[in-house]
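2 protein chains.
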Amino acid sequence: MKDYERFFSEGGRVLRESPIRKMGTVLAASREVISFAPGYPANESFPWDDFRAIADDLLTQHSDDLLQYGPTRGYRPLLDAIIDVQKTRGINVTTDQVIVTTGSQQGLFLLARALFDPGDVVLVELPSYTGAITAFKSFGADLVGVAQDDDGINLEDLDRTLARVRGEGRRVKCLYLVPNFQNPTGRLLSLEKRRALVEWAEREDVLIVEDDPYRDIYFTDVTTEADTRPIAADDPYGRVLYLSSFSKTLAPGFRTAWLVAPPVIASKVELAKQAIDLCTSGFDQQMVYQACVRGVLAAQAPRLRALYQHKRDVMVAALREAGTPLTWLDPRGGFFLWARLPDGLHADTLLERATAEGVIYVTGSAFFVDATGHEYVRLSFSSPSEARIREGVERLTRVMRS
Amino acid sequence: MKDYERFFSEGGRVLRESPIRKMGTVLAASREVISFAPGYPANESFPWDDFRAIADDLLTQHSDDLLQYGPTRGYRPLLDAIIDVQKTRGINVTTDQVIVTTGSQQGLFLLARALFDPGDVVLVELPSYTGAITAFKSFGADLVGVAQDDDGINLEDLDRTLARVRGEGRRVKCLYLVPNFQNPTGRLLSLEKRRALVEWAEREDVLIVEDDPYRDIYFTDVTTEADTRPIAADDPYGRVLYLSSFSKTLAPGFRTAWLVAPPVIASKVELAKQAIDLCTSGFDQQMVYQACVRGVLAAQAPRLRALYQHKRDVMVAALREAGTPLTWLDPRGGFFLWARLPDGLHADTLLERATAEGVIYVTGSAFFVDATGHEYVRLSFSSPSEARIREGVERLTRVMRS
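One line per chain: the protein sequences are A and B, in this order.
With numbering that gives the first Met the number 0 applied, the first sequence covers 0 to 401.
With numbering that gives the first Met the number 0 applied, the second sequence covers 0 to 401.
Misleading hints may appear alongside valid ones.
Pairwise CB distance ranges, derived in the manner of DEER restraints [claimed, not checked]:
no. : chain 1 : residue 1 : chain 2 : residue 2 : range
1   : B       : D158      : A       : M0        : 18 to 24 Å
2   : A       : R15       : B       : G118      : 23 to 29 Å
3   : A       : D56       : B       : R194      : 34 to 40 Å
4   : A       : E203      : B       : D233      : 58 to 64 Å
5   : B       : L344      : A       : D56       : 43 to 49 Å
6   : B       : Q60       : A       : Q60       : 46 to 52 Å
7   : A       : G139      : B       : P262      : 25 to 31 Å
8   : B       : A316      : A       : R12       : 51 to 57 Å
9   : A       : G357      : B       : V263      : 30 to 36 Å
10  : B       : Q60       : A       : V13       : 40 to 46 Å
Using 27 Å as the maximum straight-line C-alpha spacing, the simulated DSS-like pairs for lysine-lysine come out as follows [said to hold, decoys possible]:
no. : chain 1 : residue 1 : chain 2 : residue 2
11  : A       : K86       : A       : K192
12  : B       : K86       : A       : K136
13  : B       : K192      : A       : K86
14  : A       : K1        : B       : K192
15  : B       : K172      : A       : K1
16  : B       : K192      : A       : K136
17  : B       : K172      : B       : K136
18  : B       : K86       : B       : K192
19  : B       : K172      : B       : K192
20  : A       : K192      : B       : K136
21  : A       : K1        : B       : K1
Examples of chain A residues lying across from chain B (beta carbon under 7 Å, computed) [as the list claims (entries may be wrong)]:
no. : residue
22  : E16
23  : L277
24  : A297
No wet-lab data here; the hints were simulated from the structure.
Built from N, CA and C at the ideal position, the CB exists for glycine as well.
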């Protein structure tokens, strides 16, 4: 049989590869290519010795639940550790509000499953994280973009967009945001806007999905911890669903993240997770749990801030030294530098030449749900070494000049 | 805000807890309860020392890909190891046909995503595995049951059911089967029927989803390896999509399984997986890979056959000694004994009394898509100790007599 197409679902037929994952494939194909594409944590950031000691202890102790199927909701001690992490972020929650997810990608997908019917509108920033876009579209949500300023989402455009969508007779269920060092722009949402958004959500009867993987990675030269206070920390209404992850602070290989939501939503998400993978890896969860209670996570945070701040410095200095024709806002945290190409250059067409020159990035258009953004590139400084950041910037500058 | 219900999707609103997972919660709540409910591998079956040595080596070597995000398709060396495993089962495949999944549950869900639109009919056995039922329903598939004989699905009823469904103007996309030691009945599909099913699928233009987690656990006193030959091994047409797992042979805690499908379907499944969890845990995949190449998996198989055959013997002997009023077919492999209650007893109402007496099982009706099966119970002998199997059977017998 050759023709399998006719067996595909409508949803299956339109599945498209994520531009970021595609860049990962290019990367895997050649070690010579310098990649500013995927937002990978630096390999040198992983606490190898701690993980080795933890794994050795766990596999010596033979606890019944380490290698077995576990509760869908998550490993109970890890849920408690997550509640403690939430407390340090100003968010007080109870166990019935928390669920461990197999990466935040799964959290986004589970929310889509629980909440979105075909045609429901989700408001997202222009630009916004591609993984969320893909997850939300899985159940037919229609994504509508809202403009951003340097300090995050533009509140006037938010009101205008909401009114327009409602004027078309459509239901807006959620606003999706990455408030801290947004993927892809690296922007930090101002505290004033955070407070305003909670009131807006209550007034307009909309939920906010707050995706917060980069919160611990603020750069202390220009950002304080207080600047990263989650929207959920000041939400008296129960409007904010909060996601975060151990992928950037411990290791993405463990695929361990979490979602916090009102109990009735958390329960639905738990049921949805049963159908998707039964439970997150028990071994990974216990590795992460031990990293929490042994202080590994706490020790990581300041190290990571210093490491990525330095990498940002290296990239910014390299861009300046090379006299690159890009313009950008210096990142105040996170993994990404979002840059605008000089007039007349198109990020998609430039990528082919850049790849030939041995450097890759993610094209801005990948992050825009309105098919704009061709004048932007996302440069990730988190993963490459200093030397490769410099070399990559030189290559990229050559490509733009040629 | 109190009323979140109005934010749920249609699909979210109808999500229901899996009866098997619910039993897991009862189990977790009390260690005094003897559980014949979840199909958990025996904790004593895990190769702890091998895993400890592997983890220590991996975390000493600091390979770049161990703790990092990985390819959605899976860790490449593990894909190659899976190809070798497939070969031992008589199935020759290429890399573009294989994908690693976060447990077989995810494989089933991904197939549903790629293939099923609301209203598409999937034929399943009466009874059938609840995890598949839940996954398939996630995208609106309509499940229609087909009767079983002692040697597996009834081919006449298969033809009748297909004709009836088509007569209603509906499309049958797939037949889902667990050919080896079926969950829940423990039945083994005869080789004659396997061959007939491939021809049936080609003739009727239907795909077969073959779910094969228990294949290695055949009981050598009454079953040979040849009896377990997958349907996919004799499919010249490309009609069979094949799933299997390391959960029963190594450990479910690693959430590592695989799916084999024609390249065009495997590609769609890969794209669907991007939206669901980006990739399966790299650490878990490398643990499993090392267990494959170091011979741990090969050494496990005969040990597991002996272990679970012995546990079956213990349960069957206990049932006979107790003079229990149940009737059953002795399992030829796998984890489950499927038993029929004496006339007049109802598995759902009996469960309450059984739980009070300190023994639980899964009610047969959980596995029937046509809402029948209340006279059956699934007793899993894989996880409890010998002593607890005996004690549990005694308790259950007391409950039935009272």
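Here's how the hints hold up against the structure:
Taken as a hint, the range 18 to 24 Å holds for the pair D158 (chain B) and M0 (chain A), whose Cβ atoms sit roughly 20 Å apart. For R15 (chain A) and G118 (chain B), the Cβ-Cβ distance of about 24 Å falls inside the hinted range of 23 to 29 Å, so the restraint holds. One distance hint, 34 to 40 Å for the beta-carbon pair D56 (chain A) and R194 (chain B), is violated here, with the actual separation near 51 Å. Distance hint for E203 (chain A) and D233 (chain B): a CB-CB separation of about 60 Å, consistent with the stated range 58 to 64 Å.
The given range of 43 to 49 Å is respected by L344 (chain B) and D56 (chain A), whose C-beta atoms sit roughly 48 Å from each other. Roughly 23 Å separates the CB atoms of Q60 (chain B) and Q60 (chain A), a value that falls outside the hinted 46 to 52 Å. For the pair G139 (chain A) and P262 (chain B), the supplied restraint of 25 to 31 Å holds, since their beta-carbon distance comes to about 27 Å. In this structure, A316 (chain B) and R12 (chain A) meet the distance hint of 51 to 57 Å, their C-beta atoms being roughly 54 Å apart.
The hinted range of 30 to 36 Å is satisfied by G357 (chain A) and V263 (chain B), whose Cβ atoms lie roughly 32 Å apart. The beta-carbon spacing between Q60 (chain B) and V13 (chain A), approximately 41 Å, falls within the hinted interval of 40 to 46 Å. Restraint check: the Cα-Cα separation between K86 (chain A) and K192 (chain A) comes to about 22 Å, which is no more than 27 Å; the hinted pair holds. Distance check on the hinted pair: K86 (chain B) and K136 (chain A) sit about 38 Å apart at the alpha-carbon level, beyond 27 Å; violated.
Restraint check for K192 (chain B) and K86 (chain A): the C-alpha separation of about 59 Å exceeds 27 Å, so the hint is violated. At most 27 Å may separate the alpha-carbon atoms for a hinted pair to count; K1 (chain A) and K192 (chain B) meet this at roughly 25 Å. Proposed proximity of K172 (chain B) and K1 (chain A) is supported: the alpha carbons are some 16 Å apart, at most 27 Å. Distance restraint check for K192 (chain B) and K136 (chain A): the Cα-Cα separation of roughly 41 Å exceeds the 27 Å cut-off, and the hinted pair is therefore not satisfied.
Distance check on the hinted pair: K172 (chain B) and K136 (chain B) sit about 14 Å apart at the alpha-carbon level, within 27 Å; holds. This hinted pair checks out: K86 (chain B) and K192 (chain B) have alpha carbons roughly 22 Å apart, not beyond 27 Å. Distance hint between K172 (chain B) and K192 (chain B) is fulfilled; the C-alpha atoms sit about 20 Å from each other, no more than 27 Å. At most 27 Å may separate the alpha-carbon atoms for a hinted pair to count; K192 (chain A) and K136 (chain B) exceed this at roughly 41 Å.
The suggested pairing of K1 (chain A) with K1 (chain B) is violated, with an alpha-carbon distance near 52 Å, which exceeds 27 Å. With a least beta-carbon distance of about 6 Å to chain B, the hint placing E16 (chain A) at the interface is held under the 7 Å criterion. The criterion of a C-beta within 7 Å of any C-beta in chain B is met by L277 (chain A), whose closest approach is roughly 5 Å, and the hint holds. About 19 Å separates the beta-carbon of A297 (chain A) from the nearest beta-carbon of chain B, more than 7 Å, and the hint is not met.
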